[in-house]
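From just these sequences and the hints, can you work out the full model?
Letter by letter, the chains look like this.
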Amino acid sequence: MAQQEKKLKLYSHWRSSCSCRIRIALNLKGLEYQYIPVNLFKGEQLSPEFKKLNPIGYVPVLVDGAMVISDSFAICMYLEEKYPQHPLLPSDLQTRAINLQVASIVCSSIQPLQNLAALVGRYIEEKVSPDETIPWAKFHIENGFEALEKLLKDHAGRYATGDEVFMADLFLAPQIDAGIKRFNVDMAKFPLLSRLNEAYNGLPQFQNAMPEKQPDAPSA
Amino acid sequence: MAHQEKKLKLYSFWRSSCSCRIRIALNLKGLEYQYIPVNLLKGEQFSPEFQKLNPVGFVPVLVDGDMLISDSFAICMYLEEKYPQHPLLPSDLQTRALTQLPGSKYRLLQHKTSSESSSIGSSLIEVASFMYSFQKYIEAKVSPDEKIPWAKFHIEKGFEAIEKLLKDHAGRYATGDEVFMADLFLAPQLHAGIKKFNVDMAKFPLLSRLYEAYNELPQFQNAMPEKQPDAPSA
Chain A
0 MAQQEKKLKL YSHWRSSCSC RIRIALNLKG LEYQYIPVNL FKGEQLSPEF KKLNPIGYVP
60 VLVDGAMVIS DSFAICMYLE EKYPQHPLLP SDLQTRAINL QVASIVCSSI QPLQNLAALV
120 GRYIEEKVSP DETIPWAKFH IENGFEALEK LLKDHAGRYA TGDEVFMADL FLAPQIDAGI
180 KRFNVDMAKF PLLSRLNEAY NGLPQFQNAM PEKQPDAPSA
Chain B
0 MAHQEKKLKL YSFWRSSCSC RIRIALNLKG LEYQYIPVNL LKGEQFSPEF QKLNPVGFVP
60 VLVDGDMLIS DSFAICMYLE EKYPQHPLLP SDLQTRALTQ LPGSKYRLLQ HKTSSESSSI
120 GSSLIEVASF MYSFQKYIEA KVSPDEKIPW AKFHIEKGFE AIEKLLKDHA GRYATGDEVF
180 MADLFLAPQL HAGIKKFNVD MAKFPLLSRL YEAYNELPQF QNAMPEKQPD APSA
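Listed in order, the protein sequences are those of chains A and B. Those letters in the first sequence? Residues 0 to 219, by numbering that gives the first Met the number 0. Those letters in the second sequence? Residues 0 to 233, by numbering that gives the first Met the number 0.
In case anyone wonders, no lab produced these hints; they're calculated from the structure. The reader is advised that the hints may include incorrect statements.
The list that follows gives simulated cross-link-like pairs (lysine-lysine, DSS-like), each with its CA atoms no further than 25 Å apart [said to hold, decoys possible]:
no. : chain 1 : residue 1 : chain 2 : residue 2
1   : B       : Lys166    : A       : Lys50
2   : A       : Lys152    : B       : Lys51
3   : B       : Lys163    : A       : Lys8
4   : A       : Lys5      : A       : Lys212
5   : B       : Lys163    : A       : Lys51
See below:
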């Protein structure tokens with residue numbers, strides 16, 4: 000089967016939860032894309048080629064013809080505007096706001112800390128002890144999850160903000176996955192998030208976006 | 000002068016840069032609001048009353064009649080849709096109307112830069128806030144002298160990133176010659192970086208220039224921490 004030139008290109012790393020959000024978004028909107036791996040462990044995000052695309056050196060980056068967009072939040076909003084099928088934001092203003100709030104909490108208050116754990120880890124490892132890194136990240140992730148559990152209590156339905164999948168779910172799913180698989184988060188404390196995680200496990204658009212399923216994931 | 004019931008209420012803390020963003024937004028849109036202070040240093044965000052408003056315990060929170068919105072990004076987007084005067088997102092040649100939101104127009108090209116720098120700005124300042132908790136950790140486990148340099152180092156990295164991102168887009172302001180959402184997120188962050196973290200601004204000529212530009216705008220200046228009703232008296 001000839002590989003057609005796909006208009007959309009996604010620079011992604013298999014384990015990056017920020018990239019995972021966009022992989023889910025593209026799946027939900029039924030958008031085909033060319034997956035271009037950036038090996039963060041080997042520092043490929045710092046290469047001159049990648050820096051031309053995104054001087055900040057982060058994944059994901061979406062290329063859509065002449066448009067180059069970085070940052071998962073910005074990419075979500077772009078996709079939402081350019082490809083309105085399967086809307087990522089509901090029309091009700093209050094529910095919209097909750098979705099944006101969840102995305103913001105994950106983006107700003109949780110994910111950077113797990114990223115920071117890598118930076119901090121080396122620091123803590125050197126200055127304190129190698130055993131402290133995971134507990135520190137786990138503590139902060141669990142704090143974030145506690146906040147989300149409270150926030151969503153009065154809004155969740157089958158999914159985070161009702162009975163349809165919206166932006167909040169895109170941000171939650173990769174974060175919960177990472178929390179469980181990488182940081183030993185104790186999900187017993189988060190019954191709502193646990194239930195949502197089960198719901199996401201039932202959706203192919205989410206499952207196909209998960210780290211282990213990506214072309215650049217290490218073979219089993 | 001009789002105190003009229005103001006429809007909009009903002010729960011805010013004078014020093015909170017997230018609250019500052021919304022104070023700027025409200026000023027730009029010419030929206031009057033009732034300022035309700037939440038003393039974060041005294042833990043008022045954990046009171047049962049405030050937790051009813053925002054179980055996450057963060058400021059700012061905007062109350063608009065029945066609508067209750069937390070998180071500065073979500074509040075910005077809400078204000079943008081409900082009060083379209085002085086748009087916070089730019090329009091461009093490819094303006095599109097989306098049918099699910101009557102009356103809204105969506106913009107593409109420059110929106111992405113606004114969203115990108117807002118998102119980066121937001122994430123960076125949050126990281127900076129969490130650095131506070133890490134600072135305490137370092138203080139406890141390593142030494143009190145390690146914390147400020149460490150925080151400063153990481154904030155400067157963030158500023159370096161934004162300096163690069165905006166290089167090809169800035170005009171008089173962050174993304175052109177008009178004030179947009181990116182400026183709302185940058186201004187409080189620059190203010191905090193300079194005043195609280197002793198960031199070396201000589202390394203950031205573009206951000207320095209933007210900071211000067213924000214200093215000229217009353218809507219920005221009136222939103223700054225020192226000007227708020229709950230700021231400590233001089």
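Are any of the numbered hints broken by this structure? If so, which, sorted upward? Hints that this structure does not satisfy do not exist here, as all of them hold.
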